[in-house]
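Participant: Protein chains in written order, with my numbering: chain B, 1 to 73; chain E, 1001 to 1496.
Note that these hints are calculated values from the structure, not bench results.
A few of these clues could be false.
List time: in silico DSS-like cross-link candidates among lysine-lysine, alpha-carbon distance up to 25 Å [what the hints assert, rightly or not]:
| hint | chain 1 | residue 1 | chain 2 | residue 2 |
| --- | --- | --- | --- | --- |
| 1 | B | K69 | B | K57 |
| 2 | E | K1073 | B | K57 |
| 3 | E | K1073 | E | K1134 |
| 4 | E | K1106 | E | K1121 |
| 5 | B | K69 | E | K1396 |
| 6 | E | K1121 | E | K1073 |
| 7 | E | K1064 | E | K1121 |
| 8 | E | K1457 | B | K50 |
| 9 | B | K57 | E | K1457 |
| 10 | E | K1134 | E | K1121 |
| 11 | E | K1064 | E | K1106 |
| 12 | B | K50 | E | K1064 |
| 13 | B | K69 | B | K50 |
| 14 | B | K69 | E | K1121 |
| 15 | E | K1134 | E | K1106 |
| 16 | E | K1106 | E | K1073 |
| 17 | E | K1106 | B | K57 |
| 18 | E | K1396 | B | K50 |
| 19 | E | K1396 | E | K1457 |
So you can see what is in the structure, the chains are spelled out below.
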Amino acid sequence: MSDPSAAATLSETVNAPLPTEIAGLPSEDLAALDAMVHHAVDARAAAMDKAIRQSLKHAPRLTRPAIRKVLGL
Amino acid sequence: MNVADLERAAEITKLARLLTVDEEGLHFLREMSPSAIREFRYQVTDRLFEGDGDKLHRIGMAAKLVPAPIAAKAAAYAFGPLLCAAVAGSVDPGRAVSIANNLPVKFLAEATMVIDPRRTKAVLSEVPPALGAKVAAYLLSIDEHITMGRFVGVVGDEATRAAAAEAGDADLLRVSFLLEDRSEVDRVIGLIADRLPGVLRAADDDNLWGYAFGMLDSINDENKALIGNLSVDLEPDALGRMIDAAHETQAWQVLLPVTRLMDRERLATFSTNPAVHQPEVLAEILEVALAQGLWLDLLPMAARLPDEPRAHLASLVAAIDADRLAELIRESDEAGQWESMLPIATTMTTEDQARLTALPVLADADVLAGVLWAIAEGELWPAALPLLNTLPTEVKPTLAMTFDILSDDQLAAAARATADTAMAGPLLDVALLADDGERRRILNVLASMTDVETIVKSLPAEDDVWARIVDHRAEIPEALAAILRARSSELGLAEW
């Protein structure tokens, strides 16, 4: 059974009006998709932050301050 | 699998990779249209990039501050392929290619699996052919046709050619079908044109017709004609298997428009392949043509079917309800398709022909003129003349008024065809209904024919036309009148 509030939640998560067929999914499937999108966004943000910090280790010492500044660290 | 199943499977794989979940976790999308999954995937991609926006920009700036080999080292050890794919679109294209040149091929291939071609087109289009070929070779070695599809449509022509050189014919077919940017399919086909015969053979050898139909569905008419003609050049058994596959995967919606674009010789070969003649195939072709608005795509192929399957199809057409049939006739007329429609009408049973000719649309003078012209131009008189026997009496004067579109030679050809079809009476009966000037022209044409005696001798005694001849005897040139009188006397009819 499709649930307008579950569709609205997922729509808010992706920040766009959902394709009609996606919006018509049962509420448990919409909730599952919403959780997957949240997890992907969070995981990517965490991985990106970690990668940015680690990348400094591979930069020549003399360039690190400039890189740190550009990266906003 | 049909085209939609293949597209859906590819879309689910791409979405699962984007969400970093197992495909099984998206099982509830298995009934959904591929276009809906794709649209949602784009939304999720945009959402991920929205979250990264500022960071990606900063990383792009930082990549300029270190030599490319060092940036490559950081990419490989700190970012990994997933994040590098995300970052790629934010780095200056020239710089990104320099970095890529310092990365292992396996790493680049893994990044390509999750890259967003919409955001990285500028970078991918700069990929050197040699590097593109290496990445392609790796991706193909692990059957990553979906990724090749994201990659090939975006890289430049030379890199595409270099990548194609690494691919087998079946690989090329899968990749062409799976191109992320479908608007690039025609460009890619142009680049691999010399491989297309092999691609079609691979479709047959590996039973990949679903991919071939999907590719056909995405290309322009010029390429549809090219591939359609090449498919007919396969040996007859292979062509038959393609037709069977179209039936099994409900792909006539794709294949019918292709048949219309084939050259005449190839279309004739296609239409005479026994696989098309199976009653269930003909029924489905007609059903698809009616449901999908492909009537005009069906006609050229239908007209070239051998007599027996054409008669079967004609019987199915005759069973269409009158209003719909009238619409189809009007559509055929407006498209100038009587040349293809007539071979169907002429193979109908007499009863079906009577139903057809009784339709009000066939009482329209313009439509009748179109029919008459197609018969004359196509020299279809022997097959078409018997339709006169089923024409309602009240329509005959309208038909007679259209005879003025025929040249003298065309009139003579019509008259000559009556000798073998016993249709001299019905044709003369209609011709004598023309207005005075046209009637005199017709009679003069008949009188000038050296073989008019043969035609007159085919007039039977019981034909009603004799009464009409008597009505117009004053207008008949003497040479013709003498032949008519002799025949009348021979049949024991009253003096006139």
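Participant: Would you mind marking each hint as holding or not holding in the structure?
Facilitator: Hint check:
| no. | hint | in the structure |
| --- | --- | --- |
| 1 | K69(B) to K57(B) | holds (15 Å) |
| 2 | K1073(E) to K57(B) | holds (10 Å) |
| 3 | K1073(E) to K1134(E) | holds (20 Å) |
| 4 | K1106(E) to K1121(E) | holds (20 Å) |
| 5 | K69(B) to K1396(E) | violated (92 Å) |
| 6 | K1121(E) to K1073(E) | holds (23 Å) |
| 7 | K1064(E) to K1121(E) | holds (20 Å) |
| 8 | K1457(E) to K50(B) | violated (101 Å) |
| 9 | K57(B) to K1457(E) | violated (107 Å) |
| 10 | K1134(E) to K1121(E) | holds (19 Å) |
| 11 | K1064(E) to K1106(E) | holds (24 Å) |
| 12 | K50(B) to K1064(E) | holds (20 Å) |
| 13 | K69(B) to K50(B) | holds (16 Å) |
| 14 | K69(B) to K1121(E) | violated (29 Å) |
| 15 | K1134(E) to K1106(E) | holds (9 Å) |
| 16 | K1106(E) to K1073(E) | holds (14 Å) |
| 17 | K1106(E) to K57(B) | holds (23 Å) |
| 18 | K1396(E) to K50(B) | violated (88 Å) |
| 19 | K1396(E) to K1457(E) | holds (23 Å) |
The structure is inconsistent with the numbered hints 5, 8, 9, 14 and 18, although it conforms to all the rest.
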